[in-house]
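Protein chains: 2
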Amino acid sequence: MSLNQVFDKAAEAFKVYKKVAASEKANLLRTIAAEIEQLGDELLQTAHQESNLPLARLTGERGRTVSQLQLFASLADEGTWTEATIDTALPDRQPAPRPDLRRMLVPLGPVVIFGASNFPFAFSTAGGDTASALAAGCPVIYKEHPGHPKTSQLVYKAIQNALQACGLPEAVFQHVSGGADIGQELVKHPEAKAVAFTGSYKGGKAIFDQACQRPQPIPVYAEMGSVNPIFILPEKAEAESKQLAGQAAQSVLLGVGQFCTNPGLIFYPENDTTESFLQELSEKLESAPTNKMLHEGICSNYYKGVNQLLAAGGVEKLLAPDEDVLVGNAALAKVSLEQWLQNEALQEEVFGPFTLVVTYHGLEDLERAAEKLQGQLTCTVWGTTSELIQAGSLADTLREKCGRLLFGGVPTGVEVSYAMTHGGPFPATTDSRSTSVGAYAIKRFARPVTFQSAPAELLPQELQDDNPLSIWRTIDGKLTKDNI
Amino acid sequence: MSLNQVFDKAAEAFKVYKKVAASEKANLLRTIAAEIEQLGDELLQTAHQESNLPLARLTGERGRTVSQLQLFASLADEGTWTEATIDTALPDRQPAPRPDLRRMLVPLGPVVIFGASNFPFAFSTAGGDTASALAAGCPVIYKEHPGHPKTSQLVYKAIQNALQACGLPEAVFQHVSGGADIGQELVKHPEAKAVAFTGSYKGGKAIFDQACQRPQPIPVYAEMGSVNPIFILPEKAEAESKQLAGQAAQSVLLGVGQFCTNPGLIFYPENDTTESFLQELSEKLESAPTNKMLHEGICSNYYKGVNQLLAAGGVEKLLAPDEDVLVGNAALAKVSLEQWLQNEALQEEVFGPFTLVVTYHGLEDLERAAEKLQGQLTCTVWGTTSELIQAGSLADTLREKCGRLLFGGVPTGVEVSYAMTHGGPFPATTDSRSTSVGAYAIKRFARPVTFQSAPAELLPQELQDDNPLSIWRTIDGKLTKDNI
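First to last, the protein sequences are chains A and B. For the record, in the first sequence the residue sitting at position 277 is 273 according to our numbering, with numbers rising by one throughout. For the record, in the second sequence the residue sitting at position 191 is 187 according to our numbering, with numbers rising by one throughout.
Note that these hints are calculated values from the structure, not bench results. A portion of the hints provided could be inaccurate.
Only pairs whose alpha carbons sit at most 20 Å apart, straight line, appear in this in silico SDA-like list of lysine to any residue [said to hold, decoys possible]:
{"#": "1", "chain 1": "B", "residue 1": "201", "chain 2": "A", "residue 2": "211"}
{"#": "2", "chain 1": "A", "residue 1": "14", "chain 2": "B", "residue 2": "386"}
{"#": "3", "chain 1": "B", "residue 1": "368", "chain 2": "A", "residue 2": "0"}
{"#": "4", "chain 1": "B", "residue 1": "368", "chain 2": "A", "residue 2": "8"}
{"#": "5", "chain 1": "A", "residue 1": "368", "chain 2": "B", "residue 2": "73"}
{"#": "6", "chain 1": "B", "residue 1": "474", "chain 2": "A", "residue 2": "8"}
{"#": "7", "chain 1": "A", "residue 1": "14", "chain 2": "B", "residue 2": "187"}
{"#": "8", "chain 1": "A", "residue 1": "368", "chain 2": "B", "residue 2": "210"}
{"#": "9", "chain 1": "A", "residue 1": "474", "chain 2": "B", "residue 2": "412"}
{"#": "10", "chain 1": "A", "residue 1": "11", "chain 2": "B", "residue 2": "8"}
{"#": "11", "chain 1": "A", "residue 1": "474", "chain 2": "B", "residue 2": "73"}
{"#": "12", "chain 1": "B", "residue 1": "368", "chain 2": "A", "residue 2": "185"}
{"#": "13", "chain 1": "B", "residue 1": "15", "chain 2": "A", "residue 2": "76"}
{"#": "14", "chain 1": "A", "residue 1": "368", "chain 2": "B", "residue 2": "388"}
{"#": "15", "chain 1": "A", "residue 1": "368", "chain 2": "B", "residue 2": "472"}
{"#": "16", "chain 1": "B", "residue 1": "474", "chain 2": "A", "residue 2": "76"}
{"#": "17", "chain 1": "A", "residue 1": "477", "chain 2": "B", "residue 2": "472"}
{"#": "18", "chain 1": "A", "residue 1": "368", "chain 2": "B", "residue 2": "395"}
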């Protein structure tokens, strides 16, 4: 099937799918979740063989994928996400009457979603992007990630089964394989209305540029990772240097460092605990059980990235990268704040179990570092409660640089919930106004339309007088579940 | 002052302004509104001299500008627009605890706003873009429209007075004059975080391209106008052809056709009323009192555009453009649907009191036309209630093409309210997810940030346990005004 045919089918499916009741979209998502669970061990084994990820991790990721589908099912079902807003008519207003105005979010149309290598379930075929697009009412044209084609086919079949069981057009979800050239054609196709992507800066930026240069530009939600700095404040460092080193090591090592929120940068004070912190961190990184990375390309890029960074001026190697074809051994380096400030390349993400410790002297140093930071998915501050409060101005600066600001805890582990933001200023993403994880991810695939003086028969359920879905709506400026 | 200094000052002002209480932002907006009213006749006379717009129209526009400022003041004051969302901590959850997550919209930072020629108050210095940006917490760098520099200076002084009265940094609003080169430098400056623009396709698209090509791309909200088609259905046409012609003429003539929502395209059935509709429309357009356009450039472009369109294949001239240096005399033309479908140039906006009537045979024709339409600010259907309902599929298609879909009434007259969408798919705007009029315009200048495990002392008021602003928040997935 040509890509034109794929998009023609998607456009036809959209005509049906956009009119489907909210509850039917919810039902589809729940059925997909059930079909994925039905795949059982075969899915886990296949993903394990294709991605080298441990079965325990894949089991957890499958659970997360299922719960993502369920979260978006309940959002679709509940319906308040559509921001239904009604201004009632004021026929007698002077000098001019006000017409009846009813606004809601409607789906954008067919969207292109790219699978990610590092999450074969949760950011791939039936991952968060697909779940949120389907919940919004958009047909999905899914570009398989070449790292796990068999896994993708299994999930694709689960989705097809679900569409059939729900009596929906099969083209509500279409599956496309191919290389970067196919990806480019998908992004450039006139019928594509938005793109979602999780992966490298290079890949995401290329898609963004293509989308902007189309005759009709479209939104691109590319999540391109970041270094996710941790700022460790002096009192906390003094009091708990060893525990902090352990906590940091665990986050750096998680998933062989193959998370978008992996902490690749740690600011640590120059004091009498610096050496023991670095030593403990180094030991923890070195002594951890080793694991294979996703594939050889990612692994060789990892070592290449580490070596490039180690060659930079002023960077001191603390744990040499023990290179392997597939196993990602941890590495560690150190640099002074002054050197770090002078070299933007030291902000570049090294995808894998590596972190760079930047040593600083005082809070002013951290403020300078924060000002210099590029856009991040996360920034983390570790401090005693009193020093966190004293460092409020640092937090104010960091908030401008990221989508999620942590006070304690590690950035890895992205909760799938209502209040999550998995996004951030460029270059962490191409659209800081969005999140790719959590409930608000659904808003990426919708836009507002206002119906003026529409006959009751033509109004979507969300905007009908008697509020049949019982959703929260803004009526004449007040949030309410009331009828009109 | 160099542009670097302007942006440095804006960045400094942002540090203060982003932390200001919601009520202080509201107070600023209300004070600006009062200062503008205080300018009295001087403002009206100045704008009249610079724009040729009648005093009555300018009085109305001033009222709208003041009420826009007040609308955004009440939004800021009330605070629910920030989408505050809290997931409470679940420390005992298995397999992993959930941290405390608190999300809200925060301002983007300094934004660049371009003034529009056709609304010297409502889309200019203290217009809707400025009001929504200031309400969101963003300092504004305002690029004056060269068509009304004295008007702009007066309003600028009103804003400065208000900032001083409110004890806020003067750089919360800065005023820049200059040509397209200055505009380009503003868009390209690294400290600019978003751009808002209302004007021509050429101008808006150039800004969009510049913003996409920045090392760090930024959002552009360019509203570039459209032809705002009216689809007249057969029964309605048969029953009321004369009244419909009168209604259409009035909308085409409003403000000498210089509104973004001016109806430049009318679909009318081929039946025994066609001739009388066209004759009535032509007479109404011809006999209306004439008025000056905004300036000579716009006027000569108007006649140029009309003549270009009249020269296109199959276009029949019904009311010849009576050319003048400054007066915009109405013009009218007609084309068959088949010809219209073949020539995309017939969808291009002619800015001024001109409309093109496209004659069609059946509803299938209208569906084909709707499919072919570019993105529009508005689409309008006129029909009897029963034929509107029967034409539901036409409405379904049109909804994909516009930001506002009218059933009866005219597209001119954009209500400043909660449910308004003044936007639409490209090329009507560069971002169909936004509106530049109405309450939701505030969201253009904000992005989400999630605070994880933040000390109470560092939380913005919107996210504090006891909900001091008494706003609606989503707590653990439920909308509530409750405390935690």
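#### Entry: Hint numbers contradicted by this structure
5, 6, 7, 10, 13, 14, 15, 18
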